[in-house]
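Peer 1: In case you want the letters, here they are:
Number of protein chains: 2
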Amino acid sequence: MIGATEDNNYYELTSPTSLPKATGFLWNEKMMIQVNCRGYAVAQFMQPEPAKYSHGPNMEAKSFMQPEQPYYINHPGRFVFVKDEVSGEVFSAPYEPVRKLPDQYKFSVGKHDIKWRVQSGDIVIEMSLSLPKADVAEMWRVKVINLSKQNRKISIYPYFTVGYMSWMNQSGEYNEELQSIVCSSVSPYQKYQDYATIKNFSDKTYLLAEEKPYSWEVSEEAFEGEGGITMPSAVLEEELAKGDSRYEMPVCVFQYKLDMKPGEEKEYRFLFGPAKDEKEIDSIRFKYFLDKDQNGKDGFRLAEKEYADYIAEGKGCIQINTPDQDLDNFVNHWLPRQMYYHGITNRLTTDPQTRNYLQDNMGMSYIKPQIARAAFLHALSQQNENGAMPDGILLHKDAELKYINQVPHTDHCVWLPICIGAYLEETGDSTILNELVPFADNKEKVTVNEHIDRAMRWLISDRDGRGLNYIKQGDWCDPMNMVGYKGKGVSGWLTMASAYAFIIWADICEQNGRSLVSSEFRLEADKSNKIINKYLWDGEWYGRGITDDNVVFGISKDKEGKIFINPQGWSLLCKAADESKKEKILKSVAEQLETPYGVEKLAPSYTSMREDVGRVTQKHPGTAENGAVYNHAAAFYIYALYTVGENDNAYRLLRKMLPGPDMEDIIRRGQLPVFIPNYYRGAYRQFPRTAGRSSHLFNTGTISWYYRCLTDGLFGLKGIKDGLSINPKLPSHWQEASVIRNFRGAELQIEIKRESGIEATEVYVDGKLADGGIVKDVKKDMVYKVLVKMPVLE
Amino acid sequence: MIGATEDNNYYELTSPTSLPKATGFLWNEKMMIQVNCRGYAVAQFMQPEPAKYSHGPNMEAKSFMQPEQPYYINHPGRFVFVKDEVSGEVFSAPYEPVRKLPDQYKFSVGKHDIKWRVQSGDIVIEMSLSLPKADVAEMWRVKVINLSKQNRKISIYPYFTVGYMSWMNQSGEYNEELQSIVCSSVSPYQKYQDYATIKNFSDKTYLLAEEKPYSWEVSEEAFEGEGGITMPSAVLEEELAKGDSRYEMPVCVFQYKLDMKPGEEKEYRFLFGPAKDEKEIDSIRFKYFLDKDQNGKDGFRLAEKEYADYIAEGKGCIQINTPDQDLDNFVNHWLPRQMYYHGITNRLTTDPQTRNYLQDNMGMSYIKPQIARAAFLHALSQQNENGAMPDGILLHKDAELKYINQVPHTDHCVWLPICIGAYLEETGDSTILNELVPFADNKEKVTVNEHIDRAMRWLISDRDGRGLNYIKQGDWCDPMNMVGYKGKGVSGWLTMASAYAFIIWADICEQNGRSLVSSEFRLEADKSNKIINKYLWDGEWYGRGITDDNVVFGISKDKEGKIFINPQGWSLLCKAADESKKEKILKSVAEQLETPYGVEKLAPSYTSMREDVGRVTQKHPGTAENGAVYNHAAAFYIYALYTVGENDNAYRLLRKMLPGPDMEDIIRRGQLPVFIPNYYRGAYRQFPRTAGRSSHLFNTGTISWYYRCLTDGLFGLKGIKDGLSINPKLPSHWQEASVIRNFRGAELQIEIKRESGIEATEVYVDGKLADGGIVKDVKKDMVYKVLVKMPVLE
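The listed protein sequences correspond, in order, to chains A and B. Numbering-wise (UniProt numbering), the first sequence opens with residue 1 and increments by one. Numbering-wise (UniProt numbering), the second sequence opens with residue 1 and increments by one.
Chain A on its own, in the form it takes in the complex (with noise of 0.2 angstroms):
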């Protein structure tokens, strides 16, 4: 029912009906599309911000993307709707919202298109969705094919969601001249000042279809009737009425009239989206359709080509063969793109969260360093000359702080160090630490070097006279905006992430060099860890942190709450833990946050507000930070599984991260493995009900760390300063795996098996045993062949 194409290319769902919200997602420079398999769609554009072309029935507000969409019967969408004229027969493609069980149905999420086949009787309907590279628009393919020995007389109308527009403004009719239904409105607002933004804004819709429609139709409620939109009643007449819309919800709807011989095909193409006058249409039909290369090729099918190649940049550093087939399915084909997506686009914000940003970044540092590198760089000038960095940063020059960003966070400078780390062990470009980069309140320029030493020294003066990290209105955790909101409480974890960081810091500091200053770090992280483990041992785990009110929490004696993961992922990377502590810990977490999802963020998920805590607690238990297998949490803690050698307990979560591989596990997400989302529910425990269901939010920060957890944890495979550590942490029931690696303009082609007689891992370089597994000096366009052998385990 569900499985990847022969080439990998597309992953394909056979029924409408079983995966309901099975989405797929595209995205351009400027553009962004989640498309459901029943046809339903949810579509923002950048102007410069988030801004839609396709609405809801009703005024929305405007908000980020929510988990969990919810989808109705008029929910924008794009369908096409089809009618035997014979017999009057009508069903629609894909499958609302007449929901007429198709005979045959496939959903196919491809990389840089989405499609579906569709068959009712004898006839077909191919639709295709892919996006230009730069521009702002929709392209489609529409084929009606007719498999029946007979001639079919059928009308096909597709249909396009423009919704309510604006209550200030919004009509829509046909211009024969653009041959496309146009529909415009005036966004609202009340004050004159927002008029001079108002007024450059893309508030037209445009459905531009490349061959002159028989008929349309642009008032929704015309269109439907009483017939509503499940069985049109403009779809039971012979023609559609022409009809326009003024101050009436517009709709894009064309007809059709296709007279077919046995076995004919025919295509039509269309581009939807929005556009700031009927100029701008014009001059879109012109390279789209009208103008052709020397080819005699179309503007249509080059920006199908280029759309392809721009998602085909998207590649990663390592090309796995496992055991696990969908395992390698996923990393070779979908997680390189979406770890693109966050680094090519930032998701699409003009102020990312800087934690967002940098972490984006550091997964970009595996796809186009020189991206990440102007990054980091960019980022950093946004610091201020204390060492802080801002929340948020700002990638447009009208760009503000808002939502999220206008509530101060603690941790941003944690994640300096470990992401730039990741970039100087994946490149090996130590020049960045050089580079002279000015503060947000500060012209004068000084190194990379120094603005990190500043960032870690704000941690450091940050804390209070216990030396634990305040955590203000959040760290990492959003939400959890009341532990010290006072100016008092303090983050456990915050503390913990800062002595990694430290740690981090005080390693890149060595090795170039500076090792007065690395010195000076290291003895931070074990001062950190000293008072770690004194104020945030519980017993059996690490507790969260202490409120205002000096009340240590995610321990055992809460109710709700009492376990949070993140305290005892990162008690592991910072090495605050010992021994005995991380086996507590390591059963712990197995016990009360492991589900057959993945790990839950905390546990038990609060059923009610906590008001030392905040507004995490008042979060639906098991969704989001309120308990859900949150799978950025989930993949640290997984990276410091494998930092600390527990192979088998890391791969096993690893996989829960992703549906499947059997049925019963991908209908319960209710995703295709084609991303991994923010969350699954969790609350097991708690909900079992809901337990394991996709959020289906696509943008997460889990995805550079779950690249990491594969490149250094389970292939072992490390950039270092002077070559790539080769260090493999297969799972025990592993017996072999092959890996291509890109590593600084190398390739490295790399067997992977265990043999018997061998004791510890033996890395063999074309052919020759490669000292402590380090394959040195790594050459530029070179093929390097590498066996490694390891120890056959119990």
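Calculated directly from the structure, the hints in this document are not laboratory data. Be careful, since some hints might not be right.
Since copy identity is lost for identical chains, a pair holds within one copy or between any two.
Stated by the list, open to error - Here are the simulated DSS-like pairs of lysine-lysine, each with C-alpha atoms no more than 30 angstroms apart in a straight line:
(1) K557 to K191
(2) K106 to K581
(3) K149 to K21
(4) K62 to K276
(5) K133 to K52
(6) K557 to K279
(7) K30 to K62
Since this is a predicted model, take the numbers as computed values, not measurements.
Got chain A; can you put chain B on it based on the hints?
Peer 2: For chain B alone, coordinates are given in the frame of chain A:
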């Protein structure tokens, strides 16, 4: 197909499809609900700002009510699904969402309840909605009647939309103890500073059943299934699944199984609304269903009675009997109700716009003058000592100026003498003028006289070198926000309105022994009128204003917005227009602004932004202030026509403000004549297809002016200092009319007749000719018989 019931208590519609957007509305002290004939509802309650307990299926924007409310299949509604357990047939009452055409249908809009009767085959469903007076809850009765001669096995499923409550937290479950479905949520927020407010919200929505349900469903998705809302899968099952909702969109659906004998009836009662917690629901259950008074009546029945009494208090001061029965019905039964709604609720805002607050209370002068009196004093206590009135009157200690009240307008002072003048005419209570009231910025109290003097002087001071009033970011016309935002633009209308206010105030001062002040303002009125004629007369009508860049607009050389209604009517009120100008004005208005649905606010409607006029030009042509038949402005004009004796013109336009009487007109307006909407679609000459459509918004300043057109104009029964002045201005085709006029505690039974031989109106009070048509010394609790003889007109 539509008509009033014999007792005039209901207005009925007998088709769910001919006027699909026909609505009725109910309100109480804390909430409002507008329901349409097909079962959709828009409801709000105050906590203290407007909030919802029944939401759309997506994250809705928080906003004011929208004109021409768009409905869609999942729009919040209240339905009863009905399934024949033997045949499996399903229909829904009142009509949505199954949309099976009933055999008989009746939608009855009452004053204190709204009812439906829907017959499908032999089964009748009766639904009725009422409200308590003070609690926030919908009180529903659902009756099932088996009209057939057989036993019938039936399931009914009362369905109440809960919708997308919150992305932070939403859930729901059946609570056995409360016999309720209780849905819980947390209002979304991000800043801890908002928590203090949020935590007091009534974030739960409940459906409370008097009778224990057979089963229930709380998950919208589970209820709908693949059948969708139009034929929910769960209804086709034997029994609802007793499901809950865990971060899933909740719904409240009960199932009752009935085994009905021939002719049997069975009634169910429900309460639906918001609550803070389960304890509150428990106390509501006790109060409405469990507790009984000494006569055995439960709280539900008592609340229905109390609510009917509350609404009945909203009586006007005239009862009319004219040749136009539809007018009689509206004026006697619906108009005072709508006026009362405005006066008693202040449109359910905590910061009504100052002009609305004053005009709504002008209307309240005819119903509960003590409330109007207190409101005027309250408004004056928020005046600044320089005389300026604020944008919005704060009614609640936590209230803030929101939306449009953050934009500075310059007309608020104008309404003081006009509205208080109407209060004085109706009550004769000149003591209000000597009440001592402080200022917002000065606690020292001065008399109302002094307050209004200052307001008038502020208007005099807020003028440019020519003597024209600045418009800043708007006058009465809110979105005319860019005429004067640079500080130079002026409003022609506001200069007229000021002159009119000066005259009114001069009259009041004179009558109250302040002749010096009176002369001062009379002089100012004369001066203003000269200036108006100098700068704004365009040859055939008056212009609307002069922009920041010194461009007169609303004149013949404009392509759009050539002529505005307000300067025409108000030039008559302020007496700027002489007889010859008056004739030109009347002709121009009739030719360019009058339509079958009333006079438009401006014409032609703007079709694109005019940057020196502003946002009004961006609204859709023919909607709201951009050239709709904006009834508030139309009412001003009609009032002006009566003041200059244009009785036939006035009556024709007065009548056009009501839907009907013919069916074609009612269908085009799409609204029952139970309220006057804020607009009917205009741009009649530009977009004839949509002209005449009702906005369906019942918040409008129109109402009190419409009432004054009746009392002061049509029936000429206007209070003066010494008594009641009687001078009817019947249209020439009316031969007679009678009115019962309640006035200062007395009742005047007035017969008006045209009689041949009469040259000028003669008024007989209890048989005696009244000098000047004035009934002097009207005594409380007395009944007067008045005969008015009028000339016969050709």
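Peer 1: With identical chains, the pair K30 and K62 could be close in the same copy or across copies; at 30 angstroms between alpha carbons, which is it: within, between, both, or neither?
Peer 2: both (18 angstroms within a copy, 28 angstroms between copies)
Peer 1: Which holds for K106 with K581 at a C-alpha limit of 30 angstroms: within a copy, between copies, both or neither?
Peer 2: Cα proximity of K106 and K581: none, with 51 angstroms in one copy and 74 angstroms across.
Peer 1: State whether the alpha carbon distance between K133 and K52 is at most 30 angstroms within one copy, between copies, both, or neither.
Peer 2: within (18 angstroms within a copy, 42 angstroms between copies)
Peer 1: Since the copies are identical, ignore which copy is meant and state whether K149 and K21 lie within 30 angstroms (CA to CA) inside a copy, between copies, both or neither.
Peer 2: The answer is neither: 36 angstroms in one copy and 48 angstroms across copies each exceed 30 angstroms.
Peer 1: At most 30 angstroms between CA atoms: does that hold for K557 and K279 within a copy, between copies, both, or neither?
Peer 2: between (67 angstroms within a copy, 29 angstroms between copies)
Peer 1: Which holds for K62 with K276 at a C-alpha limit of 30 angstroms: within a copy, between copies, both or neither?
Peer 2: both (20 angstroms within a copy, 26 angstroms between copies)
Peer 1: Between the shortest in-copy and the shortest cross-copy C-alpha distance, which are at most 30 angstroms for K557 and K191: within, between, both, or neither?
Peer 2: between (53 angstroms within a copy, 28 angstroms between copies)
In this structure, the earlier hints numbered 2 and 3 are contradicted, and the remaining ones agree with it.
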